[in-house]
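From first to last, the protein sequence lines stand for chains W and R. Letter by letter, the first sequence follows residues 1 to 351 of my numbering. Letter by letter, the second sequence follows residues 1 to 351 of my numbering.
Among the hints, erroneous ones may be present.
[Said to hold, decoys possible] Among chain R residues calculated to face chain W with C-beta under 8 Å, some are:
1. Ala63
2. Leu81
3. Ser82
4. Val84
5. Gly261
6. Pro292
Worth flagging that the hints you see were computed from the coordinates, not collected in a lab. No residue lacks a Cβ here, since even glycine has one placed at the ideal position from N, Cα and C.
Number of protein chains: 2
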Amino acid sequence: MGAKKARPVTLQMIADQLGLHVSTVSRVLHAKPGEGLRAASSPTVERVRRLADELGYQRNPHAMSLRTQRSNLIGVLVPRLSDVVLATIYEGIEEAAAEHGLSTFVTNTRDVPEVQRARTEMVLGRRVDGMIFGDAHSDSGFLDEVAARGVPFVLVNRRAGGHPAVVCDDYLGGRMVAEHLLEQGHRDVAVVAGEPYASTGVDRTGGFADRFREAGLPIPEHRIVHSRFDAQGGRAGTERLLASGPLPSAVFVVNDFGAIGTIGALRDHGLRVGADIAVVGFNDTPLAAELPVPLTTVRSPMREMGRRGLRQLVRVLAGEQGESELLRPELIVRASSDPARYERLMAKVGG
Amino acid sequence: MGAKKARPVTLQMIADQLGLHVSTVSRVLHAKPGEGLRAASSPTVERVRRLADELGYQRNPHAMSLRTQRSNLIGVLVPRLSDVVLATIYEGIEEAAAEHGLSTFVTNTRDVPEVQRARTEMVLGRRVDGMIFGDAHSDSGFLDEVAARGVPFVLVNRRAGGHPAVVCDDYLGGRMVAEHLLEQGHRDVAVVAGEPYASTGVDRTGGFADRFREAGLPIPEHRIVHSRFDAQGGRAGTERLLASGPLPSAVFVVNDFGAIGTIGALRDHGLRVGADIAVVGFNDTPLAAELPVPLTTVRSPMREMGRRGLRQLVRVLAGEQGESELLRPELIVRASSDPARYERLMAKVGG
DNA sequence: ACGTTTGGCCCAAACGTTTGGCTAACCGCG
DNA sequence: CGCGGTTAGCCAAACGTTTGGGCCAAACGT
Numbered sequence: 001m002g003a004k005k006a007r008p009v010t011l012q013m014i015a016d017q018l019g020l021h022v023s024t025v026s027r028v029l030h031a032k033p034g035e036g037l038r039a040a041s042s043p044t045v046e047r048v049r050r051l052a053d054e055l056g057y058q059r060n061p062h063a064m065s066l067r068t069q070r071s072n073l074i075g076v077l078v079p080r081l082s083d084v085v086l087a088t089i090y091e092g093i094e095e096a097a098a099e100h101g102l103s104t105f106v107t108n109t110r111d112v113p114e115v116q117r118a119r120t121e122m123v124l125g126r127r128v129d130g131m132i133f134g135d136a137h138s139d140s141g142f143l144d145e146v147a148a149r150g151v152p153f154v155l156v157n158r159r160a161g162g163h164p165a166v167v168c169d170d171y172l173g174g175r176m177v178a179e180h181l182l183e184q185g186h187r188d189v190a191v192v193a194g195e196p197y198a199s200t201g202v203d204r205t206g207g208f209a210d211r212f213r214e215a216g217l218p219i220p221e222h223r224i225v226h227s228r229f230d231a232q233g234g235r236a237g238t239e240r241l242l243a244s245g246p247l248p249s250a251v252f253v254v255n256d257f258g259a260i261g262t263i264g265a266l267r268d269h270g271l272r273v274g275a276d277i278a279v280v281g282f283n284d285t286p287l288a289a290e291l292p293v294p295l296t297t298v299r300s301p302m303r304e305m306g307r308r309g310l311r312q313l314v315r316v317l318a319g320e321q322g323e324s325e326l327l328r329p330e331l332i333v334r335a336s337s338d339p340a341r342y343e344r345l346m347a348k349v350g351g
Numbered sequence: 001m002g003a004k005k006a007r008p009v010t011l012q013m014i015a016d017q018l019g020l021h022v023s024t025v026s027r028v029l030h031a032k033p034g035e036g037l038r039a040a041s042s043p044t045v046e047r048v049r050r051l052a053d054e055l056g057y058q059r060n061p062h063a064m065s066l067r068t069q070r071s072n073l074i075g076v077l078v079p080r081l082s083d084v085v086l087a088t089i090y091e092g093i094e095e096a097a098a099e100h101g102l103s104t105f106v107t108n109t110r111d112v113p114e115v116q117r118a119r120t121e122m123v124l125g126r127r128v129d130g131m132i133f134g135d136a137h138s139d140s141g142f143l144d145e146v147a148a149r150g151v152p153f154v155l156v157n158r159r160a161g162g163h164p165a166v167v168c169d170d171y172l173g174g175r176m177v178a179e180h181l182l183e184q185g186h187r188d189v190a191v192v193a194g195e196p197y198a199s200t201g202v203d204r205t206g207g208f209a210d211r212f213r214e215a216g217l218p219i220p221e222h223r224i225v226h227s228r229f230d231a232q233g234g235r236a237g238t239e240r241l242l243a244s245g246p247l248p249s250a251v252f253v254v255n256d257f258g259a260i261g262t263i264g265a266l267r268d269h270g271l272r273v274g275a276d277i278a279v280v281g282f283n284d285t286p287l288a289a290e291l292p293v294p295l296t297t298v299r300s301p302m303r304e305m306g307r308r309g310l311r312q313l314v315r316v317l318a319g320e321q322g323e324s325e326l327l328r329p330e331l332i333v334r335a336s337s338d339p340a341r342y343e344r345l346m347a348k349v350g351g
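Based on the sequences and whatever the hints tell you, model everything.
Okay, here's the thing in C-alpha cells:
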C-alpha cells in the first residue's frame with residue numbers, strides 16, 4: 001500500500017523528457033546569474049524550470065560535492081550542547097548558515113582533548129568545507145596543527161593562540177562587574193573563575209582582578225578558585241572559598257550556572273544572597289532573571305556571536321583573512337548585588 | 001609557508017602505487033568480513049592496509065553516497081537546542097549515532113509548523129537516510145505525509161499519531177506526582193500544562209488528573225492552564241492561575257523551566273514555596289537540585305531516550321518495524337513539596 | 001590426462017553533477 | 001558572398017566509489 005521509494009528525479013530525467021542535454025539543464029537550473037545567461041533561450045529556460053519544479057527536482061548534494069570538491073557543509077565542535085550558552089551560540093551559527101546555503105554539523109567534545117581530536121578527524125572525514133570551534137583550549141597546540149593542515153576555521157566563544165575568533169569582550173565584562181562592585185562599596189571579593197584552559201573564564205577574571213588592582217585593592221590568590229562551568233562546579237568552588245578564610249562580601253562567578261551552584265552553597269551556610277553577600281554571574285542566561293533573588297550578570301550576545309562566527313568563516317572560505325571580533329557585553333544589575341533592589345523585592349514579597 | 005591543501009588520498013592513488021586495481025583496493029579496505037575474503041591474498045591485503053594508513057586514506061563520503069545511495073546521515077529536528085531537555089536528548093542521539101558510524105544533522109524548528117516543513121525538506125534535500133523528530137505535534141498530519149512519502153523516521157520526546165516513538169512514560173510520571181501530592185494531603189491542586197500540541201505536557205497532565213479523579217478529587221477546568229515550556233511561560237501560566245480563584249495548595253508544572261517561572265511568580269505574591277505552597281516540576285534538569293528550595297520533579301531518561309531513538313531508527317533503516325518505547329520515569333522528592341525536608345533545610349540554613 | 005573448482009585479481013559500468021570546448025545555425029555587414 | 005560574432009545548445013570527461021562479471025593460472029578430482 002501507498003507510494004514507496006520513488007527514485008529521486010535527476011537532471012538526466014528532465015533532460016530526456018525535454019529532449020535536451022543534461023548539461024543544458026544543469027546550467028539553466030544552477031548557473032549563477034553572472035555566467036548562465038547564454039545557457040538557453042528563454043522559452044527553453046521556462047520549460048526547464050517548470051518541469052523541474054513540477055517533478056520536484058532536488059539537486060543531489062553528493063554528486064555535486066563530488067564534482068565540485070565543495071560540500072557546503074561546515075563542522076561545529078562544542079564542549080556540550082546541553083550547556084545553554086553553547087546551544088544558543090550554535091543556534092546563531094545554524095541560522096546564519098542556513099542563510100548562506102550551508103549546512104552545519106555539530107558535535108560534543110566534553111572539553112576532552114582526545115575527543116576533540118577524534119571528532120575533528122571525523123568531521124574532516126565528512127569533507128566539510130570549514131570548521132567552527134567553540135571549545136578551544138588556550139594551550140592551542142591542537143588548533144595550530146589543524147591550521148597547519150590548511151583547514152579553514154574560526155573560533156567562537158573562546159579565543160586561543162591568535163586564531164580568528166569571535167568572542168564576547170570578556171575582559172571588559174569582568175571590569176564592568178568589578179566597577180559595579182566597587183561602586184557598591186565592596187572591598188573584599190572573591191572569584192569562582194571557571195576552567196583554567198578556557199579564555200572566557202580567564203579573561204573575565206583578568207578584567208575583574210585588574211580593575212580591583214587599579215582601585216588599590218589587589219585580590220589575593222586564595223580568593224580566586226577554579227571550577228567547572230556548571231552548577232556543581234560553582235558549588236564546589238564556593239565551598240573551597242568558604243573553607244579557606246573569612247567571608248568575602250561579594251563573589252563573582254564567571255558563569256550563570258556556576259552562580260546558581262554558588263547561591264546554593266551560600267544558602268547552605270546560612271547566608272542570604274543579596275543581603276549578607278553579593279553574587280554576580282555571567283551570560284545573562286534566561287534563568288538569571290527568574291531566580292528567587294534575581295541574579296546580577298553580564299549579558300553576552302551569544303546568538304550574535306554564532307552568527308558572526310559563521311560570517312567570518314564564510315569570509316575565510318572565500319579566501320579572505322578571517323578577522324577576530326570582540327562583542328560588547330552589557331552589565332545587568334539585579335537584586336543579587338544591589339541592596340536597594342533587594343529591599344524592594346523583599347518589601348513586595350512581604351517576606 | 002606551510003603545507004597547503006594537499007589533495008586527499010584516493011583509492012586510485014593507492015592502487016597505482018601498488019600496481020593493483022582500484023576495485024581490489026576498495027574491497028580490501030571496505031568489504032565487510034562476510035564477502036571480502038576472496039578479494040586478495042593476505043600479503044596483498046597487508047600491503048594495501050599498510051599503505052592506506054601510511055598515506056592516511058579516508059574514504060570520500062560523497063563518492064560513496066553517490067554510488068551506494070546511502071549517506072549514513074540522519075537528520076534530527078528539535079524545537080530548540082537551547083532547551084536543555086532537547087539538547088540532552090540530542091546528545092544521546094549523537095552518541096549512539098557515532099557508535100553506529102552515522103552522522104547526525106540537527107536543526108531547530110521553534111515548534112513552528114512552516115519551519116518544520118521547510119527544515120524537513122532541507123534535511124531531506126541533503127539526502128539523509130532517515131530522520132528523528134523531537135518536535136512532533138499531536139495533530140500529526142504533517143508526519144503522516146512524511147511517512148506516506150516513504151521517509152524512514154522515528155519520534156523521540158513526544159509521540160504522535162501512532163508513529164514509532166521513544167518517549168518517557170509521561171502519563172505514569174503524571175500519576176506519580178499526583179500520588180505524591182495526595183500522600184502529602186493535598187486536595188486542591190493546579191497544573192501548568194505546557195503547550196497543548198505536545199504529548200509530553202498533555203500526557204503528564206492526563207496521568208495527574210486521572211489519579212486525582214480516581215481519588216475522588218477531580219480537578220476543575222480552571223485549575224489547568226496551558227503555557228510555553230520555559231520560565232516565562234511558567235510565570236505567565238501561574239499568574240493566570242493566581243488570578244482565577246483561590247490559592248491551590250500545590251502546583252504541578254509539567255517542565256522544570258516552567259517551574260522556575262512558577263516559583264518566581266509565587267514569590268512575587270509573597271508565597272514561600274515548600275511552606276505555603278508545594279511545587280513539582282518535570283525532567284529533573286540539573287538545576288532542579290540546585291535551586292534555593294530544591295525542586296521536587298520527575299526524572300526522565302533524556303539521554304537514554306536519544307540513544308534508543310537512534311537505535312530504533314537503525315532498525316527501521318534495516319527494514320524492520322520501528323517499535324515505540326516507553327521509558328520509566330522516577331519521582332525525585334525534594335523540599336519544594338515536602339514539609340519535612342523543607343524544615344530540615346531551613347534549620348540548616350538558619351533562615 | 002583432462003574437466004572443474006577456486007584463489008586472486010582486473011574490467012567497466014554505473015551514481016548525478018559540473019564545466020571547458022565544440023558546433024551549427026543564424027544574424028548583420030561590408 | 002564571405003566573414004565575424006552571437007545564440008543555443010551538445011559532447012565528454014571528470015569527481016571517487018562500489019559491484020557484478022570476467023579471466024587466467026594453479027590446484028584438485030577421477
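A quick look at each hint next to the structure:
no. : hint   : verdict
1   : Ala63  : holds, 5 Å
2   : Leu81  : holds, 4 Å
3   : Ser82  : holds, 4 Å
4   : Val84  : holds, 5 Å
5   : Gly261 : holds, 6 Å
6   : Pro292 : holds, 5 Å
Of the numbered hints stated above, none is contradicted by the structure.
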